[in-house]
Every structure is written in structure tokens, then in C-alpha cells.
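Undergrad: Heads up: the sequence lines are chains A and B, in that order.
If you read the first sequence in the working numbering, its first letter stands for residue 1, the second for the next number, and so on.
If you read the second sequence in the working numbering, its first letter stands for residue 1, the second for the next number, and so on.
The hints are simulated quantities; they were obtained by calculation from the structure and are not laboratory data.
All C-beta atoms, glycine included, are put in the ideal place defined by N, C-alpha and C.
Each hint should be verified, as a subset may be incorrect.
[To be verified] With the C-beta cut set under 7 Å, the calculated list includes, among others, these residues of chain A facing chain B: (1) L162; (2) A164; (3) N168; (4) Y169; (5) R174; (6) A175; (7) G179; (8) Q187; (9) P190; (10) N191; (11) P195.
As a plain string of letters, each chain reads:
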Amino acid sequence: MSFSWKNIKRRTNLLIGSALVMFVAGMAVFAPLLAPYHPTEDANILYSEEPPCEQFWFGTDIQGRDILSRVIYGSRISLSVGLFTQFMNSVIGIFMGLMAGYFGKWIDDLIMSITNILLSIPTLVFALAVMALMGPGLINVFIALGVTNWSYTCRLTRSQVLSAKRLNYVMAARALGYGKFRIMFNQILPNIMGPILVISTLGVAGAILLEAALSFLGLGVQPPTPSWGGMLAGAREKLFTAPWISIYPGMAIFLTVLGLNLFGDGLRDLLDPHITQQK
Amino acid sequence: MTELSNRTKRPLLEVDHLHTSFHTFDGVVKAVNDVSFAMNTRETLGIVGESGSGKSVTALSIMRLLKSPPARIEKGRILFDSIDLLEISMSRMRDIRGNRISMIFQEPMTSLNPLFSVGNQMSEMFVRHQGLTRREAWNRSVEMLEKVQIPSPGKRAREFPHHMSGGMRQRVMIAMALACDPEILIADEPTTALDVTIQAQVVDLMMKLRKDYGAAILMITHDLGVIAEIARRVIVMYAGQVVEEADVISIFEEPRHPYTRSLLKSIPKLGDASTHGRKRLQEIKGIVPSLADLPAGCHFYPRCPHADPICRQGEIALEEPAVGHRVRCIRHAGL
Numbered sequence: 001m002s003f004s005w006k007n008i009k010r011r012t013n014l015l016i017g018s019a020l021v022m023f024v025a026g027m028a029v030f031a032p033l034l035a036p037y038h039p040t041e042d043a044n045i046l047y048s049e050e051p052p053c054e055q056f057w058f059g060t061d062i063q064g065r066d067i068l069s070r071v072i073y074g075s076r077i078s079l080s081v082g083l084f085t086q087f088m089n090s091v092i093g094i095f096m097g098l099m100a101g102y103f104g105k106w107i108d109d110l111i112m113s114i115t116n117i118l119l120s121i122p123t124l125v126f127a128l129a130v131m132a133l134m135g136p137g138l139i140n141v142f143i144a145l146g147v148t149n150w151s152y153t154c155r156l157t158r159s160q161v162l163s164a165k166r167l168n169y170v171m172a173a174r175a176l177g178y179g180k181f182r183i184m185f186n187q188i189l190p191n192i193m194g195p196i197l198v199i200s201t202l203g204v205a206g207a208i209l210l211e212a213a214l215s216f217l218g219l220g221v222q223p224p225t226p227s228w229g230g231m232l233a234g235a236r237e238k239l240f241t242a243p244w245i246s247i248y249p250g251m252a253i254f255l256t257v258l259g260l261n262l263f264g265d266g267l268r269d270l271l272d273p274h275i276t277q278q279k
Numbered sequence: 001m002t003e004l005s006n007r008t009k010r011p012l013l014e015v016d017h018l019h020t021s022f023h024t025f026d027g028v029v030k031a032v033n034d035v036s037f038a039m040n041t042r043e044t045l046g047i048v049g050e051s052g053s054g055k056s057v058t059a060l061s062i063m064r065l066l067k068s069p070p071a072r073i074e075k076g077r078i079l080f081d082s083i084d085l086l087e088i089s090m091s092r093m094r095d096i097r098g099n100r101i102s103m104i105f106q107e108p109m110t111s112l113n114p115l116f117s118v119g120n121q122m123s124e125m126f127v128r129h130q131g132l133t134r135r136e137a138w139n140r141s142v143e144m145l146e147k148v149q150i151p152s153p154g155k156r157a158r159e160f161p162h163h164m165s166g167g168m169r170q171r172v173m174i175a176m177a178l179a180c181d182p183e184i185l186i187a188d189e190p191t192t193a194l195d196v197t198i199q200a201q202v203v204d205l206m207m208k209l210r211k212d213y214g215a216a217i218l219m220i221t222h223d224l225g226v227i228a229e230i231a232r233r234v235i236v237m238y239a240g241q242v243v244e245e246a247d248v249i250s251i252f253e254e255p256r257h258p259y260t261r262s263l264l265k266s267i268p269k270l271g272d273a274s275t276h277g278r279k280r281l282q283e284i285k286g287i288v289p290s291l292a293d294l295p296a297g298c299h300f301y302p303r304c305p306h307a308d309p310i311c312r313q314g315e316i317a318l319e320e321p322a323v324g325h326r327v328r329c330i331r332h333a334g335l
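This is chain B alone, in the form it adopts within the complex:
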């Protein structure tokens, strides 16, 4: 009994002090540097960050899809339903991929095999993970296409990827990802390659399907608008580290880390002076530091408007000034 109650209390996915590096000719690139977070069943967690902040590498580490070499997971644990994903064999991992944890990618235009019909590719999922016959799998595929709101799914299933638009292909990818009723769906910038109206449709679709399927969603994006719409809790990453974590309201209403604040200030708002050309939009000065040559102390130090010499002395710890609100800045209280 106690074991059972312990189990229900545990988060569904727990990333624990993950370190992932790329060993290149130019040196060791620390793409993910001590990242920890937890995700509960049915929760929607957003990860925001610029290119190179380590958000995609975190996701690929969870899926164990990084090519090694050059990538190497140096330290840490990834616990999924009490299984350490970094310890299990590749064949057990393949049974989890697509079946219990699935992932969709940024590029819907090229994520489908051009030589097979859409229904054919979807059927393969059911054959692989659920052992259905070809005919059953085909029928299930058509059902899934209907669920992701593709019109005349029976006809569309026989079509090839090049017959479809980007938005439709991304829906097909979502349908494939949800086909086996996974517990977690990792979405790596699923809307980046789509135009704005289609983005909204895809986000709406994902929110609807989350309700129907009850999958937890790990939404990786650099688009704060998408995060605001879909996520309950947000992790902000910078240079391979989690710099802030809080529920979505707190992140937007009272951000504590200088990076999060600058990020929010750099978004144009309708009706704001900057959108009428009267004021310049605020930018974050400088560029993301090279992950092969990180500054000592706080990684955001060179670009931080509140930088102080004490920020450079030693690693900055992740503090928890309010319940559920973590921040990696030693001066956050005084700002």
C-alpha cells in the first residue's frame, strides 16, 4: 500500500542533474549543464530559451536520440515511471519511444518519408507497437487522421506527403505521435516552421488533444506566445542551464531572473509605444556565450543589466524564493 501511494506521488518524468556535452574538435561543448526538473501526469510544461540554450538537447537526451559520439550524457538521471531511461537497453528504449513517450519535430515538411503514403507510414506505428494487422492498422490510421481534423481522412490517407501542406503534415506527425496513447508528448518547436494562422490552429489542436488523450506535454519553443497559451508551468533556459522555473502566471507577471525580464521586454506589444515607431523595442545586448567557453560564475553576466562583480564568483545555485518558483540569480531579491 505504501509503495503504491509513493508511486502515485512521484512525478511522471524526473530529470535529475542532467549534463550533456558534445565532444568536438574545438573542445567540449556543454550543451546541457546541470538541468533538473520534474513533470507530472497530464501536466503541460513549457521550456523557453534562445537557440543554443540547450532546450532541444534536453529533449533529445530524454529520448536518447543524440548521436554519440559526439554527444555524451555525462551525468544525471532521467526517471520515467521509476525507470532510469539512461540505464535501460536500447531495445527497451525503442519500446518506450513512440509508444509511451513520443516526440514531434520542428520541420513537418521533411519529417515524413516522401516515398510512402501517409496512411502507410501511420500504419507502421500500429504494426510496430501494437502488433495490429495491416488492415486494422490502416483503419486506425484513418481514425487518427480524423481526430487531428484532416478532412476526408480516408482519401487523405492514400496521399503522399508532398500532396499536403506544412500544417497538415504537422497534424499527421501529431497523429502519429499520439497514435499509441503515450504518457508524454515532447513537442520540439512544433509551430516554428508554420505560418501564424496555422500555428494557432496547431496549438489549439494540441490543447484539445491533450484533454482527450490525457498525455503530458513538454512544449519546447522560443515563442513566449505559444507558452502563454498552452503551458501551466514554464522553465526558462539560458546557456545550458535552467535560470528560472515558475507557473506561467508568475513568469509573465513577476519574473525574477534578469534574463526572463529582458526576454519579456523584448516582445512587441500591441498598443505599446514601440509598435507605433515612437520608441525602440528593448533588446538584450550581446549574444549567447559560446557553450565551449562559458563565462565563470553567472552565464548571463556579460549581458546582464544588473551585473555586479560578485556574480562572477563561483557557480550560481538555483534558489527557491517562493514555493514552486526557482531562480538562478544571487541578486534576485534586491532587483
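Chain A extracted, bound-state conformation:
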């Protein structure tokens, strides 16, 4: 494992990925400064469905709102949903995985059965069901995606714990009289964070896609709040007459997810000593 600049520089995927992610993050943070118009209030029906031009770089939508501004503001929703839900998933998944891996026996069986059940339901269908139950809205998106998608993190953590708890320093820690939780959180967890970090990065991308899908289906963030998925939903019937309404938010989703995936892959390569040494 080496974080030296030389190693980072050699990973093109990590560089491109982090550039894309930083670009989107910058958009989200500085949205009010970057957007030429207000995403919801600057609607002018006279400029409805304008194609991209000098005044509206990405064109306008049906209500005559600037698509560039809406895409910029939309990054706030996508990133916050992605980061927050993945954070919740990671916390739940890591905790459950540590429990299952360290204690084993019936706790392991129970937690693994729960993850098996969760994994057998398609994530989108599950999230849809939760959203249908609680009603649409941003807070409910957080909850629906934050509590349903921890199985991968949990299983990964568990498998890492299973191998880490056989290590000598864990045995030595037990011989020094350390308690279970001290060993789990102070000895094992820091040593298995690498792979968990990687899968969490990839999870952010997944969560962004899910939010887009939920909003596309009308159960996610409600209009007029700009979200990429919601913008796609409104543009569906104009796909052939005014393609710019759907192309730009679609591109935004694509580039963000691509960036996160490249970043995750690059991080994995960097953290995996086998790959680092090979090159």
C-alpha cells in the first residue's frame, strides 16, 4: 500500500475519476455562483423548449427554465443522496459485519440470513416499496435508500473480519486482556478499512443511480426541486422533439457515476499491494 504521489500519478482511472468527482462536487458547492439563472424561479414560458444557444447553453425545458442551471443545482441533490445514504449503509453494514464476523455462531447465521433476504429482493423494487409506504420526498429517499442497501458492505466486512481475527496481533490483543469491542473497533476495523472504503465509493454511485430512478418514476424528489432523475422524467415525451432536455441531465448522471466508479477502482488498485507492486 503506497500513497506516494508517484503511485497515484500512474493510475489514470484514479486521476480521471477524482477529477470528475471534484468537478461535480465543485458544482454542488458553488451552484449559486455558477448557475446563470435560478433553477426554479427564472421560468419564462416565452422561452419554452429553446435549443442550446448563446443565452441558454444547454437550452431550456418545457416551462422555459435554464437546463444548465438546473443541472448544476441537481448535483446537490444527487451528491447529498449518494453520500448520505451510503454513509448510513456503511455504518449499518460495518456494524452488522463486525458482529457477524467476530461473534460467529447464531449471530452470524441471523445477520447472514437477513442479508440473504435483502439481496434476494431487487434494490429498486425494495426502495419503491418503502417509498410507496412512506410517500415521496427527499427525507424519505434518504431513509429508503439508507437502510436497504447495506448487505454488500456487511458481507464484505464480515469476510474481512473472518480473516483478520485469525491474525496474530488479534490473538495478542486477547492475551493482553482486551475486551471484544475494543478488539473489534480498535484492532480489527482500522485494518480492514481499505476494501470497505472502496466498496463505499462504488456504493455512492449506485445510490445516485437509484435516486435518479426513483425520481424518474415520480417517487423521489418532487418538482420543482431540480433533480437529474426528475428532469429526465419530465423530458420523456419530448425525447425526439427537444432531445437537449433529457441529454444534459443524462450526461450529468453518466459522468458522475463514471467518475465515482473510476475513483473507486483506482482506490482499490492503490490499496491492493499486489497490483501496486506488479506495475
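Please arrange chain B on chain A, whose structure you already have, making use of the hints.
TA: Below, chain B alone, put in the same frame as chain A:
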């Protein structure tokens, strides 16, 4: 008054008819089979045996560090300062581990957590067992590093395990084990993974610290040289059983069990004909029997040069032909 005098007479650690088995798919592996011994305060007791003789499992049973399942302590008692370690709760056991009985392991290279500095890991000991603040604990850690003869301990404490050599790491482990002034230090092959000159340094260090700290040491090893140097009394184990127990001089001068004798003959001696290539070194024929399928009667029977059909009839008892000298062989008197 009588109670007090009784107490002082009792040994510090008493392992009483310990049976530990592993329940595997291939059957029950009897790793420790009726092992009894006692250890006094400040005593150095050595346990010698080949791989698989049950010496490490005995130590791990005392510490209750065996994973269960598959391991199970079937029978026996382990009395430490009149406490039966097999009966007390896990949380009481954790208060004893590291604090009153501590243990160091064979692999110093991997026994330290790679992510924390050495001083940090040592401090955690003091925080856990003595409730010191982080700063006090850090200062105590640096003191301990100095005690185990690590040069510039203040600087070394901030370093990470991968900055240190195997010998240094083993010293750090010893420092951690002795940090809370334990009554017993169990050393499970502490020198095996080190090269010979470092081995000697670590053994010397342990002998010096034993004097300073007054801890009893249970030294587990397959290296008879280490035993000769450090132990006062020796237990020889074979296939999960104690086959001989005596003071260190008797073990080397007049071993009574055929296994001990063969073991001593298999060590090359400087100046001996075998070291000049004129004579082959004596070996013990065959291999240690599978612990899942032990031979009836004497476990050493298939490899014993003095084997006799009567050795196979029933369990062999541990006899005491001379005071303090126990041997598990029915023919020891005639050999």
C-alpha cells in the same frame, strides 16, 4: 493464621488433570490428555516437546484463548491463586489476562498491529488495566521500552512496527507482557522465529527481567538449549501427555523416559563424532502419532527402542521414582 499459611504453601498455578480436545470432522483430537503440573511463585518452568505435543494448547487453555468450537476443555481444573480459571466469567478472565498472567507468542513480526505506533499500543495496556491517562500511559510505555533495552525509547515509541526488526518487536511484546507486573509470564516459543544471536539476547533479557520483576515464567519451546539456560524445572510432553518431569539437571544428566533420552541424543554436540561427519546423528524413528488416533497403552510405543508388548496393555501412569522426578514409563526402572 492457618488459612494464610495454607495459602502461602499452595503453588501459584496448578494445572490439574487437564483434558483439551478439538472436535473436528475427522474425529476428536485429544491435544492435551490428562496434564497436571504445578508452578510456584517466581519459578521458571520449561515445557519441551515436538510440534503437536500439546504444549501450546496447554498454555492457551490456561489463558482460555482457544477458539470454541472446535476446542473444548473436557475435564480438569486450572487453579491460579486459588481461582479456578475455567470456572470464572469471561470478563473476570480478561481482567487477569495481561494484568496477572500475560503471554507472548512465537511470531513477533505479526503480533503487533501494523497501523498503530508501538508507544500507542503499549499505552493501551496501561489505559486498559491501570486506568492511567493517555499521557501517563505514554510515559510508562517509554520507560518500559527502556527496560527492555531498546535504544532511544522516546523516539522508538513513535515508530511503527514495520520500522523494527524481529528481535526488537519481540522485546516490545515482552515489554507489553511485563507492563502490568504480572505474576506469570507464559512465553510460547518466544525465540523460534528469531535468528540465533538475537535468540540469545532475548533469552538473556528475559532472565534479567525475571529477576527485576519476580514473575514466574512458563517457557514453552522445542529448543532444549533455551530450556537448559533458563528453566529450573522441566516438563517433557509427548502426544498430549506429560512423559517426564524433573529439575533441569536431572533431565539432562539422568533422563528416565526413553523419549527424553532419544531427544537428548538427537541434539548435535560440538566436538562429538557426529559433528565431524564420522557418525550419523541419532534420530527418533517414525513420526508423532495422530492425536485423533492414539496407540493403545504407551503413546511412544511405536517409536520406542525399548518397546515391549506389556507397554500396550492399558494406560501408563505417571510414577515418581525419585522425589520431584516423575516419569510415564512402566519399564523405566529396568532401562
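Undergrad: Confirm or reject each hint.
TA: Each hint, compared with the structure:
Look at A/L162: its Cβ only gets to about 12 Å from chain B, farther than 7 Å, so that hint breaks. At a threshold of 7 Å, the smallest CB-CB gap from A/A164 to chain B is about 10 Å, leaving the interface hint violated. Annotation: interface hint on A/N168 holds; nearest CB of chain B at approximately 4 Å, less than 7 Å. The restraint placing A/Y169 at the interface with chain B holds, with a minimum CB-CB distance near 5 Å, inside the 7 Å limit.
Hint on A/R174 holds. Least Cβ distance to chain B is approximately 6 Å, under the 7 Å limit. The restraint placing A/A175 at the interface with chain B holds, with a minimum CB-CB distance near 4 Å, inside the 7 Å limit. For A/G179, the suggested interface contact is upheld, since its CB lies about 6 Å from the closest CB of chain B, less than 7 Å. A distance limit of 7 Å between C-beta atoms decides the matter here; for A/Q187 the minimum to chain B is near 6 Å, and the interface restraint holds.
Satisfaction of the interface hint for A/P190 is found here, the shortest Cβ-Cβ separation to chain B being roughly 5 Å, below the 7 Å cut-off. This hint holds: A/N191 has a C-beta 6 Å from the nearest C-beta of chain B, less than the 7 Å allowed. Interface hint at A/P195: violated, since its Cβ lies 15 Å from the closest Cβ of chain B, which is beyond the 7 Å cut-off.
When held up to the earlier numbered hints, the structure conflicts with 1, 2 and 11 and fits the remainder.
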